[in-house]
Amino acid sequence: MGSREREAERDAILRALAPVVDGIAATFGPVCEAVLHDYRRPEKSVVAVAGSVTGRTVGGAMSEIGLRVLARGDEARDELNYVTRTGIGRRVKSSTMVLRDSTGAVFGALCVNVDVTEVDRVQGLLAALAGTAAAGPSQAPVTTFGDDIDSVVDALLDEHLRRQDQTWPGLDRTRRLALFRGLDERGVFAVRRAVEQVAARLGISRASAYHYLAQARATPTDSSEGAPP
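Sequential numbering from 69 applies to the sequence shown in our numbering.
Honestly, the hints are just simulated from the structure, not real lab data. Hints are supplied without guarantee of correctness; some may be wrong.
Pair by pair, the computed Cβ-Cβ distance ranges are [stated by the list, open to error]:
hint: 1; residue 1: Arg-140; residue 2: Ser-170; range: 31 to 37 Å
hint: 2; residue 1: Arg-145; residue 2: Arg-108; range: 48 to 54 Å
hint: 3; residue 1: Gly-192; residue 2: Gly-70; range: 53 to 59 Å
hint: 4; residue 1: Gly-192; residue 2: Gln-234; range: 36 to 42 Å
hint: 5; residue 1: Ala-286; residue 2: Val-126; range: 36 to 42 Å
hint: 6; residue 1: Ala-80; residue 2: Glu-186; range: 37 to 43 Å
For each residue, glycine too, the CB sits at the ideal point set by N, CA and C.
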């Protein structure tokens with residue numbers, strides 16, 4: 069199959085799935101959102117959306133979860149029934165189902181997000197009324213959802229720096245390479261201009277950022293070779 073035929077096939081699959089998005093959201097009501105992604109355009113991956121759990125709109129960017137799936141390429145697998153939190157604290161149960169063309173290549177995803185915040189609240193109330201001790205829901209990780217891919221990249225970079233408990237100048241070479249490797253594994257550098265964005269946030273040149281990225285990809289463990297500041 070030539071590249072033109074493959075792209076036409078992928079476009080046809082997305083067109084066929086667009087009505088499914090509306091059907092899923094209509095079936096489960098206002099707590100449900102269905103989003104169809106085209107991973108060929110990470111910055112504008114949302115091609116269809118119904119419902120409003122994460123506030124996504126057509127033409128919006130993929131989330132951190134989508135970037136992670138994109139980074140895994142054709143090795144990506146469906147991620148089902150995982151729980152995250154939005155930036156405003158809503159608890160969301162989600163499933164991400166990858167889309168493949170006839171060659172098995174991953175090119176998109178169908179995502180379903182269900183806001184279970186009120187379900188958790190009612191469950192806690194019923195437990196209190198029944199007089200049974202009930203632990204609160206486990207603390208789900210915060211996921212950045214939004215139409216702006218820059219905010220997603222910024223959130224991932226901030227998360228990595230928080231884990232290091234350091235600013236960029238405070239990191240030694242090993243941890244600088246680990247930061248770039250971690251961002252790469254999360255799919256950040258699949259986004260156009262992400263290297264430039266990361267460089268600007270860290271206060272380093274674009275050339276330095278590309279050098280760190282190349283070194284991180286070439287050396288999974290520490291190397292004695294120097295890197296630019």
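Verification of the supplied hints:
Distance hint check: the CB atoms of Arg-140 and Ser-170 are about 20 Å apart, inconsistent with the given range 31 to 37 Å. The beta-carbon spacing between Arg-145 and Arg-108, approximately 20 Å, falls outside the hinted interval of 48 to 54 Å. Between Gly-192 and Gly-70 the C-beta distance comes to about 57 Å, which sits within the given range of 53 to 59 Å. Taking 36 to 42 Å as the suggested C-beta distance range, the pair Gly-192 and Gln-234 conforms, at roughly 38 Å.
Range check, Ala-286 to Val-126: about 39 Å between beta-carbon atoms, so the 36 to 42 Å window is met. The hinted range of 37 to 43 Å is satisfied by Ala-80 and Glu-186, whose Cβ atoms lie roughly 38 Å apart.
Consistency with the previously given hints fails for numbers 1, 2, ordered from lowest to highest.
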